[in-house]
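Number of protein chains: 4
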Amino acid sequence: MYAPAGVRLSADLPVPAQMKAWVLGNPDELFLRDKPVPVPGRAEVLVRIDAVAICATDLEVIHGGSPASIQGGLPFNKNFTPGHEYMGTVAALGPEVDEFGIGERVSVEIHAGCGQCKRCRQGMYTSCLNYGNAAKGHRANGFTTDGGFAEYAINHINTLARVPATMGDAEATLVVTAGTSMYGLTELGGLVAGESVVVIGPGPIGLLAVAVAKALGASPVILTGTRNKRLAIGRELGADRVINIADENAVDVVKQLTGGIGADYVVECAGTEATVNQAIHMTNRGGKICLAAFPHAPVTIDLAHLVKNNIYVYGIRGEGRSATRRAMALMAEKRFDATKIHTHTFALADLPTALRYARERVDDAIKVVVTNRQAGIASAAAE
Amino acid sequence: MYAPAGVRLSADLPVPAQMKAWVLGNPDELFLRDKPVPVPGRAEVLVRIDAVAICATDLEVIHGGSPASIQGGLPFNKNFTPGHEYMGTVAALGPEVDEFGIGERVSVEIHAGCGQCKRCRQGMYTSCLNYGNAAKGHRANGFTTDGGFAEYAINHINTLARVPATMGDAEATLVVTAGTSMYGLTELGGLVAGESVVVIGPGPIGLLAVAVAKALGASPVILTGTRNKRLAIGRELGADRVINIADENAVDVVKQLTGGIGADYVVECAGTEATVNQAIHMTNRGGKICLAAFPHAPVTIDLAHLVKNNIYVYGIRGEGRSATRRAMALMAEKRFDATKIHTHTFALADLPTALRYARERVDDAIKVVVTNRQAGIASAAAE
Amino acid sequence: MYAPAGVRLSADLPVPAQMKAWVLGNPDELFLRDKPVPVPGRAEVLVRIDAVAICATDLEVIHGGSPASIQGGLPFNKNFTPGHEYMGTVAALGPEVDEFGIGERVSVEIHAGCGQCKRCRQGMYTSCLNYGNAAKGHRANGFTTDGGFAEYAINHINTLARVPATMGDAEATLVVTAGTSMYGLTELGGLVAGESVVVIGPGPIGLLAVAVAKALGASPVILTGTRNKRLAIGRELGADRVINIADENAVDVVKQLTGGIGADYVVECAGTEATVNQAIHMTNRGGKICLAAFPHAPVTIDLAHLVKNNIYVYGIRGEGRSATRRAMALMAEKRFDATKIHTHTFALADLPTALRYARERVDDAIKVVVTNRQAGIASAAAE
Amino acid sequence: MYAPAGVRLSADLPVPAQMKAWVLGNPDELFLRDKPVPVPGRAEVLVRIDAVAICATDLEVIHGGSPASIQGGLPFNKNFTPGHEYMGTVAALGPEVDEFGIGERVSVEIHAGCGQCKRCRQGMYTSCLNYGNAAKGHRANGFTTDGGFAEYAINHINTLARVPATMGDAEATLVVTAGTSMYGLTELGGLVAGESVVVIGPGPIGLLAVAVAKALGASPVILTGTRNKRLAIGRELGADRVINIADENAVDVVKQLTGGIGADYVVECAGTEATVNQAIHMTNRGGKICLAAFPHAPVTIDLAHLVKNNIYVYGIRGEGRSATRRAMALMAEKRFDATKIHTHTFALADLPTALRYARERVDDAIKVVVTNRQAGIASAAAE
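Sequence order for the protein chains is A, B, C and D.
Residue numbering for the first sequence is 1 to 383, as defined by the working numbering.
Residue numbering for the second sequence is 1 to 383, as defined by the working numbering.
Residue numbering for the third sequence is 1 to 383, as defined by the working numbering.
Residue numbering for the fourth sequence is 1 to 383, as defined by the working numbering.
Some hints here could point you the wrong way.
Identical copies carry no separate label here, and so any pair may be met within one copy or between two of them.
Claimed, not checked - Distance condition first, Cα-Cα at most 27 Å in a straight line; then the derived DSS-like pairs of lysine-lysine:
#, residue 1, residue 2
1, Lys334, Lys35
2, Lys340, Lys78
3, Lys308, Lys78
4, Lys229, Lys35
5, Lys78, Lys229
6, Lys229, Lys255
7, Lys308, Lys255
8, Lys334, Lys118
9, Lys35, Lys78
10, Lys308, Lys334
11, Lys118, Lys340
12, Lys229, Lys340
13, Lys118, Lys78
14, Lys308, Lys229
15, Lys255, Lys78
No lab work stands behind these hints: they were computed from the structure.
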């Protein structure tokens, strides 16, 4: 049985000593293994994972290793458990934790900063200067510390938000994505009511950026992309206008919709050379661009246009400034329906199939959610 | 005689009806002509120009026309008077002006926003959405409205700062350049005491960025460039370390000087593809880059590094946020000696020679100043 | 006929030379008089007033004179037209104005800064240092320049927002009030989603502060007051909890609702010594208070508590930072129903009755709106 | 010998197991006792205290107990060691600490937030919502955790700054005070070059606020007070004008020095009803006031003036936003000479005498410093 020193448990929610967890093998290999259930430290809790969504970054980690292994120069990160967009139930409390109670449903953020570097002290915990250094207290679950494709995970209390009873498990996994969209809009200034916002790229972050921008009162909200099905979902989530860039010149249309001057804010979620340059040319003088995606290879861009037009560019990583809590606040009030991007559900045991749906966009998959509750894994009860 | 309706004058400072002014002809042609002395409107004054420094942008305007003519698609901007880094003496007051008195020595900023667009209302007057539209009240002297290679010019009172008696005419022309450096540091957050700042490119803006950063307490201040003479001036202006990029790898040295993490702030004043990429790679996680110069052609850059490291990039135009007044405040207190970048002086009548010195860096010219007082033009007194 | 030089008109919307306007006499005297229709200058338009709401400040102006007259030491401000919460139709354009077209319906802000002082240049136009100085370009319609209890008024284009066809005249007058509420929340940081917000005082600004805070995702939103009818309207506008301070201890209840620590943000709209101290004691460490109302006499407050708890206090005047446009954006999207505070409607000719309803809260009046369209004044058509 | 598990030591700097420390008894009782040398945890170091300055708050703690004891309702805080303005030498490293090395000289900040509450996560660690809760990781040395009137103390690495070799021990203790002054100016916006700043009250924080404001380029810097000797020191530290409020009306003089409008920023360091009201009335429209001191009893103030003039008030606690590091950066560059406020030095064994000098301002004492190095205590070497 699981009974680590200093950790509080509840008889209502017994925790096994061992759990099932998917772990990395060689590149693109993933195995379901038994692992010891991890132990929460100070300011940490153990979360029983009830659902976890698949993100494109998961596919990269499974293919290329975690960022920590890459930065550390390791060949690969064997035995590491990926998965970062999860939600679950608090199952055990680390020493001194009274901020959460056992049995509470929680959504998560990925990053807990070390709390002791200059950036963390400024409140910029996603830019922690000890990124990947678990000994200093940094955690990025699913990236540098074990993540959510498992039955249990550890979370710093800073990374948790309560899930209201009116929100389902699958919806609660989407708070991580909405938090990234909210972070982007936060860094652009946050006060977007009545401002023109263009979102480039109708992937999950882009679609929820449309939803968040609309919820905060942005007007007009414009979405550009290449797939009409996705653009149609963008409309449902609040886009006042969608532009299929195969049919229309996005820069021209944005200028036309904004009195000839261009948009106040552009959130770039496509990450291609073409769309980054579109972002630059559709932003108005003094406007701002958030880069929430990026091309992996260097790109050729019109930097002169940025400087001549006093445009600022914000490269964002993750979901900082407690943006996830603001996203949760809007979702708890049903200001937008994030579940419109949730297309498929699988059991945790079927993770490989779920990953294939996400990777190959089988059946127009957008967000694929893996759940541990509706169709649990035998071991969970067997302990 | 000059006596426009509604304009106040002083017998102590008589103003002629006509003045000498250099004007554009065809590309690279500049003629000294007679022009009527312009008339200040509401919230404007007439400035008698006592000294004017030459900026690289002047050379571009003389070669390619003013930004207004380029944007307007005009072939060239004939009869336009360039020159924007000037100082002088208030010679006449527009209607209702009591903020300045005739005879006061003043330094200038280039941009007066229209005051009626969204950006001006936000205080972002250098990003005025009516840029180049004089009818709406926008002025960018030497760029879109007549500038300082003349005996007189019009300035909005917002663009003026008083010159203390302890500051010479030539030094006061440098306030415009220092204001741009200050604007860059302002947009990076302004609170640079104890923070690491790298300045790339020891041109006038870069050298004064070193001086301003040091005056505000930045530490260390690092300057990179290719010419040792310029780097040596950077040292005199406060650089703790200079890097000749022909001899050392700037990114490596910056990392070594900053405990391996990179610099908090980078001010890019060289505007080449190589140096922009150096800026990207020498900035630490969560750090900020100001682009105060730019390559004219598109450049290939490592955008992924920006996004993965949560780096923000600020393309700045001119000298916004009243930064010029903050620069003047530091210079008035002799916190740095901007005159170290002033290398040559000519009379206004010798402007073509002065421009040649600036363009060809004759005799290691940095800032070439043209003065109207020590060696005035005959016409000034002849009226 | 009205045909000033340089002003554009439309045959579709003929403008008379004279208009009816209410003007101040001695304290508390108000007369309906004929006045020349005013002439818009540069960046100004003539607005035909279609509806105007009554604000408590109007009652003060009618009783005590305009702030300009008070500050100027004048005995009273005779012939001045008060009224500042109006909306209408653009009827004529000043020179160079092309931002609006004749016939467009517009809501207004009160303040147009001079555009040439330090505060205006910072974007703080409601803190214009030339407040009340019309010669320098400052306007505060209904306070220092003629306002809206008339058939026509002049507005700087910066003070206008377009009214969508889906919004009625009366509702559009409420944008001014909502703009003040939005300004308060803006200065508190703006990012209130998921944050606890207490609004003290269910007057018009307080009730719309509840609505705006809720629309931006604040949670919980708590409203305190003494009249249950008003508190009930607050509930309809989004308050999660209302506190009648006659029945409950507001500080205790707020602490209880916020886990014992107090609220993140408090918007004080009651302006009494007791409620200011409640605000201080119900704000958490590091929290912020906006003072949107004020007691006229000095008050005794627990300043030590502010300092020991690192609390910041923002005294706001009017509706700065373009907050009115953000309020309009939310109202145009029907995010809240401001008309819940609109209780009574009168014709402009019945202004004295309307004022009495507002002053004496006849029939539980909250917002009393005077309209010029449903029941116009004869002279409007007679010209 | 001192050899706790997991703590790194150096043979060059041996640490005894027991130390001398002053501890609280009943109110106003202080005893020199033996205590175990404390043990640094994760992200903490042991500091050998080399010098410690006396602050007025120390006198309050000795008289009334620590804030923790007061808030906790304890009768008094026996065995607690006060003292918070110290500096020293790193003597031992907690687990995983590599940010500092043994033997490095360091200055300190008072507050280390818990790192796990909402305010800490925002970077507002001096407003930690777990203030006084050591179990959650909060430390306020000398207030809620043992402080510096002893031979050793524990510090979180976030609270340390390196002391350059060119700075003496006594000077380094003053960094804490300068950090508070810097924090105040930071919260006021930080960009004070060329702005008018009034400092009220020439105590240590006020005098160093003058020095910091001047170093950052503020102009003019005005200091008000009642003691000419103190005002004279203010002049030496950079005040352009001093006002003895016994001789002149401070509000009138400030208005006269600022063109009739009042000051941009006021730092109130006197904490009386009269001076708070002076601060209110001498601040210009849109200006800001920092309250760095406070009257203990409620005060009667002109709140209406604040609201009508859009003035913001910042009550500050301690030295947040890493302001201490910015203060150290300026002091390391010798931008001002903080030692001008250091008047007396005593040995740690003579603390009672030192406290009397500070309390009674014997011999015009300003800062009294107690040093452990020039005249150490026997026990330090005897272990």
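Taking the hints in turn, this is what the structure says about them:
1. With identical chains, the CA atoms of lysine 334 and lysine 35 are never at most 27 Å apart, being 38 Å at best within one copy and 52 Å at best between copies.
2. In this homomeric assembly, lysine 340 and lysine 78 never come within 27 Å of each other (Cα to Cα): the closest approach is 35 Å inside a single copy and 59 Å across copies.
3. In this homomeric assembly, lysine 308 and lysine 78 come within 27 Å of each other (Cα to Cα) only across copies, at 23 Å, whereas the closest approach inside a single copy is 48 Å.
4. In this homomeric assembly, lysine 229 and lysine 35 never come within 27 Å of each other (Cα to Cα): the closest approach is 41 Å inside a single copy and 60 Å across copies.
5. Neither within a single protomer nor between protomers do lysine 78 and lysine 229 lie at most 27 Å apart by alpha-carbon distance, with minima of 38 Å and 54 Å respectively.
6. Taking CA atoms no more than 27 Å apart as the test, lysine 229 paired with lysine 255 passes inside one copy only; the shortest distance there is 24 Å, against 47 Å between copies.
7. Taking the shortest alpha-carbon separations for lysine 308 and lysine 255, only the intra-copy value of 18 Å comes in at or below 27 Å, while the best inter-copy value is 30 Å.
8. Proximity of lysine 334 to lysine 118 under the C-alpha cut-off of 27 Å is restricted to the inter-copy arrangement: shortest distance 24 Å between copies versus 37 Å within a copy.
9. In this homomeric assembly, lysine 35 and lysine 78 come within 27 Å of each other (Cα to Cα) only inside a single copy, at 13 Å, whereas the closest approach across copies is 49 Å.
10. In this assembly of identical chains, lysine 308 and lysine 334 lie within 27 Å of each other by CA distance neither inside one copy nor across copies; the values are 41 Å within and 31 Å between.
11. For a Cα distance limit of 27 Å, the shortest separation of lysine 118 from lysine 340 qualifies neither inside one copy, at 39 Å, nor across copies, at 31 Å.
12. For a Cα distance limit of 27 Å, the shortest separation of lysine 229 from lysine 340 inside one copy, 12 Å, qualifies, whereas the shortest one across copies, 40 Å, does not.
13. In this assembly of identical chains, the alpha carbons of lysine 118 and lysine 78 never lie at most 27 Å apart, being 31 Å within a copy and 35 Å across copies at closest.
14. Proximity of lysine 308 to lysine 229 under the C-alpha cut-off of 27 Å is found in neither arrangement, the shortest distances being 37 Å within a copy and 30 Å between copies.
15. Taking CA atoms no more than 27 Å apart as the test, lysine 255 paired with lysine 78 passes in neither setting, with 50 Å inside one copy and 31 Å between copies.
When each numbered hint is compared with the structure, violations occur for hints 1, 2, 4, 5, 10, 11, 13, 14 and 15.
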